[in-house]
Structure formats: C-alpha cells, structure tokens
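Between the sequences and the hints, there should be enough to build the whole structure, so can you do that?
Below are the chains, spelled out letter by letter.
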Amino acid sequence: MSRLVYDLAHSRSGDKGNTSNVAVIAYNDEAWKILKKHLTADRVMKAYAHLIQGPVMRYEIESLKALNFVLENALAGGVTRSLRQDPHGKTLSSIVLSIELPQED
Amino acid sequence: MHSKSTSFSVRIGTGAGMADDRIEPAVQLLQTGQLNYMVCECLAERTIAREALNRINAPEKGYTPMLEQRIRALSPLLREKGVRLVTNMGAANPVGAAHVIQREARQVGVQDLSCAAVIGDDVLEKLQKHPELQLLDGSQQLESLLPRLASANAYLGADVVKQALATGADVVVTGRVADPSLFLGVAMYHHDWSYDDFPRLAAGTIAGHLLECSTQLTGGYFADPGKKEVPRLAHLSYPYADISFNGDVTVGKVEGTGGRIDRMTCTEQALYEIHNPSHYITPDCVMDLMHLNFEEESIDRVRVLNARAKERTSSYKVVVGYFDGYIGVGEVSYAGINALARAQLAAQVVQERFAMEGGVTSELQIDFIGISSLHGNPNDGTRVNPYEVRLRIAARCPDKKSANLLGEHVRQLNMQGPAAAGGPVNFGAKEIIAVNSVLIPREWVKTEVVYFGALA
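Taken in order, these protein sequences are the chains called A and B. For the first sequence, the positions run 0 to 104 when numbering that gives the first Met the number 0 is used. For the second sequence, the positions run 0 to 455 when numbering that gives the first Met the number 0 is used.
Mixed in with the good hints, there may be bad ones.
[Unchecked claim] Covered by chain B, according to a simulated footprint, are these stretches of chain A (three or more residues, beta-carbon under 8 Å):
#1 13-22
#2 76-83
#3 89-96
[Unchecked claim] Within a straight-line C-alpha distance of at most 25 Å, the following computed SDA-like cross-link-like pairs (lysine to any residue) qualify:
#4 A:Lys35 x B:Ser277
#5 A:Lys89 x B:Gly219
#6 B:Lys227 x B:Thr249
#7 A:Lys15 x B:Asp323
#8 A:Lys32 x B:Lys125
#9 B:Lys227 x A:Leu96
#10 A:Lys45 x A:Glu99
#11 A:Lys35 x A:Gly76
#12 A:Lys32 x A:Met56
#13 B:Lys226 x B:Gly369
#14 A:Lys45 x B:Gly380
#15 A:Lys32 x B:Ser277
#16 A:Lys89 x B:Ile365
#17 B:Lys429 x B:Gln347
#18 B:Lys125 x B:Phe322
#19 A:Lys15 x B:Met263
#20 A:Lys32 x B:Asp223
#21 A:Lys36 x A:Arg2
#22 B:Lys226 x A:Lys15
#23 A:Lys15 x B:Ile431
#24 A:Lys32 x B:Asn305
#25 B:Lys316 x B:Ile118
Source of the hints: derived by calculation from the structure; they are not laboratory data. No residue lacks a Cβ here, since even glycine has one placed at the ideal position from N, Cα and C.
Next up, the structure:
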C-alpha cells in the first residue's frame, strides 16, 4: 500500500474567522490505522509551516475514521480581510493529501 | 402526493446554501421532493454588514440581493405544493424583506402569501456601550473597532424560528440566525419539541449542519476525476432531511437526480467548519460528534446516527462588521522562456512606481499564479518554472486612491513593463468590511416576531 495520504484518505477544508479546519477521512480500516499512527499534528504543521502560523490541533473521530485538524492563524487575517487569492482556504485540503507518510508500521 | 398527511416525519429541503447559490435545483426539489418546508440559507459572515451600509443610502433595502429573483421563482411552487419557507434573506432588514416577498409573490400570481419577520439580532446600539468586550479573533477589545463599526448581529437560535412559524405565516424571514438553527427551528415547531430536549435538539442540529451548504452534501466540493467520481456533476440536486418526532434523521436527494449522497459526502460535510468535534457550539446546544455515524440506506438516502448534544451556553455569539480600508488588485501574464523572471521584474516595477507616486499600503501580497498563489512557496526547490505564469499583486491600503493606483500600474505593464505582457487587468479598489466576533449575555438580546397577513 502506498503511503501518500492521497491514497489513504479524502479531505475537505473549511473556514471560520482566521482558523481553517482540514478533515482527513480514511478510505478503509487499514488506512485508518496508518493515519492514526503517522499523520500527527506535528507532521501536518510542518507541511503547512510556510503558509500558517499555527498551532495545529488534532482530533480523532473513531466512528467516522476521521482526523480533524484545526489550523489556527491560517488564513492571513481571515476570509474578510485576507489578500490571498483563496481567502477561504478552500484549497488547503490538497496540502494534507500530498503528505508522504513513513513506510514502517 | 403530500408527505405531510402520510408521515410522522417532517421533510425539510435546502433551497439555497449561499447568497448567490443556484435557483434551479431549488425549483426541482420543490417540484419533486414532497417537501413540507424549504430553508434558504443566504448569509455569509459579512453579508449583513454590507447590507447595513446599503440600507443607509436606501432605507427600504438591506436584504440579500437575490431576494426578488428567488421569491419569483419559488413562491408559485411553494403555494402549489403547500411548502412553507424559512430564510435568513432578510439580512439587515427582515421587515423590509417581508414586504418585498409579499410584493414579488403577488407579481407572479401568489396573492395571499403571509410572512413573519424575526427582528432583534441587531445589537449594534447595545454593543456601542460595551467597549470592554473581548474580541474572539486576536487579543484586543471591542473598543479598538468602535469608531469603525458597521454592524453587530447576534446569531439567534431555533427558538425564535419556532415562534415565527407558530404565527402560521407561509414564509419566515430573518436576519442573523445560526445556519443549523433555521432547520432545527422547523423541526422543533413541527414536532413541538421542547427547547430543553437535547437528544432531539442534537438531531435537528446535525440535520441542519449537513443541509445548510446545499450541494456540499450531494456531490459538490467533492469530485476528483479518477479518484472520487461524482455522477452527472452538472445536474447536482439540493438535499432534504426527514426528521421524525423521536429524532431519527435521514438525509437524501430525489431519486434519479445528479450527484451522490453517501457515507463519504456526509462525513466530509459533517466535519466542515468544525473545530473541536466534541464541542460544536450553536445558539441551541453544544453538539458532540464523537460518536456520529452514517448508514447508507439506499443509493439516495443516508441515515444519520448518534449525534449528541449538551446544554447550550449562556451567551450569544455576535458577529461585528467594521471598515477595514481598501484592497487593490491587479494581474498580468507572461509565457515561454524566462516567463517567471519577467513576472518578478514586473512586480518590482509596480512596487517602485506605486511608492514613487505616493501610494500607501500596510500589507502587500505578490503571487505567481501557477506557482505560489494558493499554497504559498515552501522554497524547497520543488516549484519548477512553469511555461506560463500570471502575476497577481494585492495591497491593503488606507485609501481608495492608493488601492486603485496599484491596479493601474499593473494595467500599464503591457507597454511600460518587461517584454510580452498579456492580459493586464486592474480589478480596482474594493472597500473592505472585515468581521470579528464577541460573546454577550443572552439577556441583552430581545427578539420579536412581526407578522404580515395576506395582502388584501
């Protein structure tokens, strides 16, 4: 099995004020085990470090096989005042999907 | 046939999930969805501030811009099918919107549409006396924004929606009401649920949360060709929820429509704009999604299981809109050999000329579309030179003149910048109304329902 998050999970991002949330939802039980172990808040913070100030919080929702990452200070001041082309951060889910996880279990 | 008379469930359909959402799927859902109620959610965070300003110049305005168009398209079907409408399209002027709704309905042959307007969300005057309130975004107090304040509206809850429906009005029009509360209010009214019955409030709230963004539940914001397919994406339909007296919730779309609704779409939308999933605060309750689950009942229907809720908080969240200067934006493209270097030179030239001619800015953003405009640049050498690049420059300016000046300099690059500049555009100066929020005690908010009977 590949270890690109893209092959293990699907994702959607949303916004509230200057905070973005990125939900990562496993395709199956095996993928869920890998994500729970390796897709840490630290690893996610590193992938977004050039774009957000953080911190990043991580929540596990076992019943949905989903991780919810809350990225604080992520939207350059928030939807209403950001100078960015994507002020809502609607494209931010694509970053988590391109993270490569380590091969070991 | 009408489901109202044949079922213990109430069926609520989404008619819009944002101010400029499509109207056609709402028409289709009314025609074929056997709805009891339709909810149109049309207010983004800053919409009310914008409309409050419009109302200064035109006191009868201040409702959402597509109100007339939506009522003309929907009201004949609402009447024909016996469906009642709940909407926050009143924005900064729910009473004015009620008049417009009745007038527009009459123009398309619906003579006797009654309307109930919900007022009381506007707390601007109250907040002006409380500079000590702590802003939720950042570390400052409300005082720092008071001179620039444009609007302040509390997110009202489902109780006032229930109260408005109890007038018997065909249409309930509100200003700021929390999105899921519009739906929960319908279920509370229809089933006469108590406002302290938290298992049922959880059911109505999760249904509203799933439905409030229209097609985001039925295949919108989802497709990734080759990986996550959405059948007939051009024909996406709006969703509905069936909510039983006991709080069983099933979401669905009309059989045979485009898009998809299943565990995957529902899970993405359930977590959309959620922070701590065990503590999702609405005006009505604090929802706990830690045990949430979905069960695919058929190709077009999904059961929603195990949403829980705790006692609501003692405060209302208020979104405050304030003037925040102007933003100017300009764009221009380069292609072929050395395209990126020319775009970078162009960015330098614009900045120099802008400063030379007295342009003032507090924050400047330079993007290379195709390289760094969405996800920034990690500077790890992974972003190779593209064949084409579009330069985008944006600046925050205290004055309109500076904001416009920036875009002008980008616009003039075709003759006065690096070689071979294509498609230069000045997007002009945009006045910015930014938002922040505060919490206030519930007692500060006095809501009222104003009923407008059928026109004679």
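Okay, the hints, checked on the actual structure:
1. 13-22: holds (count 8)
2. 76-83: holds (count 7)
3. 89-96: Answer holds; 5 residues pass the 8 Å Cβ test.
4. A:Lys35 x B:Ser277: holds, 18 Å
5. A:Lys89 x B:Gly219: holds, 13 Å
6. B:Lys227 x B:Thr249: OK: Lys227 (chain B) and Thr249 (chain B) at ~23 Å, within 25 Å.
7. A:Lys15 x B:Asp323: Within the cut-off at roughly 18 Å; holds.
8. A:Lys32 x B:Lys125: violated, 51 Å
9. B:Lys227 x A:Leu96: Holds, because 13 Å separates the two Cα atoms, which is no more than 25 Å.
10. A:Lys45 x A:Glu99: The hint holds at about 12 Å.
11. A:Lys35 x A:Gly76: Outside the cut-off at roughly 30 Å; violated.
12. A:Lys32 x A:Met56: Measuring from Cα to Cα gives roughly 19 Å; hence the hint holds.
13. B:Lys226 x B:Gly369: holds, 23 Å
14. A:Lys45 x B:Gly380: holds, 16 Å
15. A:Lys32 x B:Ser277: holds, 21 Å
16. A:Lys89 x B:Ile365: holds, 19 Å
17. B:Lys429 x B:Gln347: Within the cut-off at roughly 23 Å; holds.
18. B:Lys125 x B:Phe322: At roughly 19 Å apart (the allowed maximum being 25 Å), Phe322 (chain B) and Lys125 (chain B) satisfy the hint.
19. A:Lys15 x B:Met263: Judged against 25 Å, a Cα distance of about 22 Å means the pair holds.
20. A:Lys32 x B:Asp223: Holds, because 24 Å separates the two Cα atoms, which is no more than 25 Å.
21. A:Lys36 x A:Arg2: holds, 12 Å
22. B:Lys226 x A:Lys15: violated, 28 Å
23. A:Lys15 x B:Ile431: holds, 18 Å
24. A:Lys32 x B:Asn305: holds, 23 Å
25. B:Lys316 x B:Ile118: Cα-Cα ~16 Å, so holds.
In this structure, the hints that do not hold are numbers 8, 11, 22, in rising order.
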